[in-house]
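Q: Chain by chain, the residues run as shown.
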Amino acid sequence: MQTIWEGFVEALRLLFGGDGAIYEIAARSLAVSGLALAIALVLGVPLGGLLAMARFRGRRTMVAGVNTGMAAPPVVVGLLVSLFLTRNGPFGDLRLLYTTWAMVIAQVVIALPIVIGLSLAALQQLDVGLRQQIAALGAGRLQAFVLQLREIRVALLATVMAAFGAIISEVGAVMMVGGNIRGQTQVLTGAIVQETRIGRFSVAIALAIILMALAFSANFVLTVVQQRGRRQA
Amino acid sequence: MGIAHQDGTRAGSTTARTILRAAALITALLAAAPFVAACGSDDEAQVQRDQLIVATTTSLNDSGLLEDVVLPAYAAVEPDVTVKVIAAGSGEAIAMGAKGEADVLLVHSPADEEQFMTDGHGTLRLPFAYNYFAIVGPADDPAGVAESATAAEAFSAIAEKQAAFVSRGDESGTNKKELKIWEAAGVEPQGDWYLSTGQGMGESLRVASEKQAYTLTDLGTFLSQAASLDLKALFTKSDDLKNVYDVILVNQNEFATVNAAAAERLAQLLVSAEGQESIGAYGVDEYGEPLFKPYAGSLGAY
Chain R
1 MQTIWEGFVE
11 ALRLLFGGDG
21 AIYEIAARSL
31 AVSGLALAIA
41 LVLGVPLGGL
51 LAMARFRGRR
61 TMVAGVNTGM
71 AAPPVVVGLL
81 VSLFLTRNGP
91 FGDLRLLYTT
101 WAMVIAQVVI
111 ALPIVIGLSL
121 AALQQLDVGL
131 RQQIAALGAG
141 RLQAFVLQLR
151 EIRVALLATV
161 MAAFGAIISE
171 VGAVMMVGGN
181 IRGQTQVLTG
191 AIVQETRIGR
201 FSVAIALAII
211 LMALAFSANF
221 VLTVVQQRGR
231 RQA
Chain X
1001 MGIAHQDGTR
1011 AGSTTARTIL
1021 RAAALITALL
1031 AAAPFVAACG
1041 SDDEAQVQRD
1051 QLIVATTTSL
1061 NDSGLLEDVV
1071 LPAYAAVEPD
1081 VTVKVIAAGS
1091 GEAIAMGAKG
1101 EADVLLVHSP
1111 ADEEQFMTDG
1121 HGTLRLPFAY
1131 NYFAIVGPAD
1141 DPAGVAESAT
1151 AAEAFSAIAE
1161 KQAAFVSRGD
1171 ESGTNKKELK
1181 IWEAAGVEPQ
1191 GDWYLSTGQG
1201 MGESLRVASE
1211 KQAYTLTDLG
1221 TFLSQAASLD
1231 LKALFTKSDD
1241 LKNVYDVILV
1251 NQNEFATVNA
1261 AAAERLAQLL
1271 VSAEGQESIG
1281 AYGVDEYGEP
1291 LFKPYAGSLG
1301 AY
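Note that the protein sequences, when read in sequence, are chains R and X.
Heads up: the first sequence begins at 1 in the working numbering, then just goes up one per residue.
Heads up: the second sequence begins at 1001 in the working numbering, then just goes up one per residue.
Chain X extracted, bound-state conformation (with noise of 0.2 Å):
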């Protein structure tokens, strides 16, 4: 599930919240249409200095980095503010933010936060960490994925197969890192074939191995999954599959809710030299290899 608040009320109540936030807008709706237009705007703009709310992709969230390493050493400096982590995709995370909906965001999707920066809903842009993702598929690899020279070869010798593919198609990171492979290939992507689940990495991952088909995902992800998936990582670390994490802060001019002092001390925290080793320490322990990489001081190096 996309969205979950890391104070532990995960997938279903905060589902359970969407659906009743729908209903209410609904209900709203019905009763107030006519007198929308005539609603006043809040003027209640005021900074919360205690509370940081960090809208990030879902890998950061899922594979545990965020839990494990970077909130503990943020309430290590700042115990005296609460992080509210809003996992979604980046697509949505920055929409949050576009909207001033949080303070600082954690996203890998480059050509939405290019966009973001040059609309002015940013005032940092800062590369953390870096890993690839990953094609995974079934491990007889019907389509003989593991043999490509690029993510494209590899999409197309699917898409020719026509072997099952799960897609995010929900605008996240990963699903545009998908969409452009698919474009690279030259392939419009549909059919029986292709599954769209509108869903988080997880859920899409749990699904793939049901379907014993193919899924583009972070690497991260997948391994702190991957006991429980019936799939195999096929092919990896080309450069067309390079996967980029930044941390943006959100402007506090535009938007004036913005706690841009507690969003800077994470960016510091994220980028210093601890928190890089940190981050590069990440999993080996578990996974034999580190989840992430560090990748601060390469700006602008994508």
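Chain R with its partners taken away, still in its complex shape (with noise of 0.2 Å):
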């Protein structure tokens, strides 16, 4: 217990006494899941799109494609892209395995299957008289698709933050294609890992509130603008 205790005091003291390297950490983090996020939005939403409103063979094959996706195991992910990369294989010529770029692949085959399957379970919910309605109104495709984001931005915003949550808290992938290199592609989860088994308890733990604070900032932006939304239904 008295472990515990200190290992908790201590990490306090990191955490105030502005230890470079423990934030130094956590911006990686951020910037990694940030970008990788970013990449994700860009790409699944308007995937989720498609799959909610054209009508195609192999829809469906691709819908269940997608929720099977939503649970791959993060290091299936990290396996499969260490087979992509690594330098004898089809894309080793990038020498991209053990960067930062090969945890933001990572984190966007994790991310990707999240925003696509959230996203197109929102659209899938809009009341078909609306989209009637739009279309009546005259708007075109990307127009109607547009309006339609505007009806689910709550929706959207808890796809954002459950594929934010995923990815920052993830551990298997990051540390297979990103090697835990110590300043240059270790995360806050790779950096928990290791101090743990090393039993540096107090940096951990310092980690560790950082990594939780992350993910609670991200869950309460994701509450307050919920309950806003609220109101003004």
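Calculated from the structure, these hints are not laboratory results.
Treat the hints with care, since some could be wrong.
[As the list claims (entries may be wrong)] Quick look at which bits of chain R chain X covers, simulated, 3 or more residues with Cβ under 8 Å:
no., region
1, 47-59
2, 175-181
[Said to hold, decoys possible] Restricting the straight-line Cα-Cα distance to at most 20 Å, the calculated cross-link-like pairs of lysine to aspartate or glutamate (EDC-like) are:
no., chain 1, residue 1, chain 2, residue 2
3, X, K1176, R, E195
4, X, K1099, R, E195
5, X, K1237, X, D1119
6, X, K1099, X, D1080
7, X, K1242, X, D1119
8, X, K1099, X, E1067
9, X, K1099, R, E6
10, X, K1180, X, D1239
11, X, K1176, X, D1239
Glycine included, every Cβ here is placed at the ideal spot set by N, Cα and C.
Put the two chains together into one complex, using the hints given.
A: Below is the structure:
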């Protein structure tokens, strides 16, 4: 019990004593996951829209694929990305394995099905009448899509947070494709694993507090916006 | 990944478990921090006689020696004991022993081991195998490591060239050895060329292969993975690269839960004539040379 208490106190000292290394790791976590999230959104929301609105052969299979992807274990993603990026793999010439880019790629692969799946679900729950109304008013396809996105903005925000939560807290894939290299590819989750293993619990606790704070802030923003949306409705 | 339980649940789920534990720890902390001081201690100290917890350096586990040789032989003499292998760096294995969380240690970190014995955490420390660390790196050897006379000289050459070097950075026996060699070379390794992974030997070798970097590895792990690596053993078998593995019995007088009888049987097995013979034979068929050499009876000969 004493270890826990001392670790906690020491963690607070590290946090407020401005230990540069700890904040550097946190900043890298945010940068990698932030970029991955942005890419997943740019690709995923239109794809979700396409799957929601278009009618074509194989659509149902694709939706099933997306739903499966939403539950893809990150270590499997890590394995696949490793296989593609390794020196002797198909994209080996890019020399991307064990760089932050490889981590971004893995996190995009993890986040993308979540973004597609949740935005698809939200769009499909929209009233059919609304869609017909928008069409009747003469909106083009793109315009109609943008109008629908406005309608599901709260659900979209939930999508953003769900995807962010999944990748910022993920450890298997980032360690596999990033290599957990200190000062280069180490992020919060990998650092917590390592510090815990070595028995430097105070550092691990300090890092965990930052990670929890990030996850909490994301959910806090989401909750606030959702509640506001509710009052307006 | 450093920690891997022998029962098949390796890297992924164990890492997840580590995170879960960390999460549980933090949650418990946030909820219970004010009451922590008031908590009592557990008094359910009891030996679980049907279970042996072995904390081992990753190299003995990753090379397959434990799984293929030691555990089957142990199961033959102690069929009723379930062996739980916790494969971690030597530093972590020794830390587990110091907390009484393991019954027996298989480690290779001489300075830490001496400290462990001095502190009274262990009752017996016996060498049972040795091999050599190797400096491995890209086949074209840009720093000319292969021409060095000592490991320290090789490290100096790497630092001078600022050639990429992968460090375990996990306070394992190999990591400690590496830091000792840097010290002997009079180099403080830092900079973009010095890559610290904080992970096990297997992962660190992968990183070295991808980055075409040098690294220090135990020969066993390297040989068992060499086929999938773009790395060559460039420098080995110098006196400053000798790597001795010890078995240490955790003190049952200090920790009542230690299964001393089962631990002792494992130590006996390792240093017995048959045990030594099978250790010396392991890997010959596959790699043309043994991964570990027998070393029993050479107590104190480091």
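Q: To test your reading of the hints: which numbers does this structure violate?
A: 1, 5, 6, 7, 8
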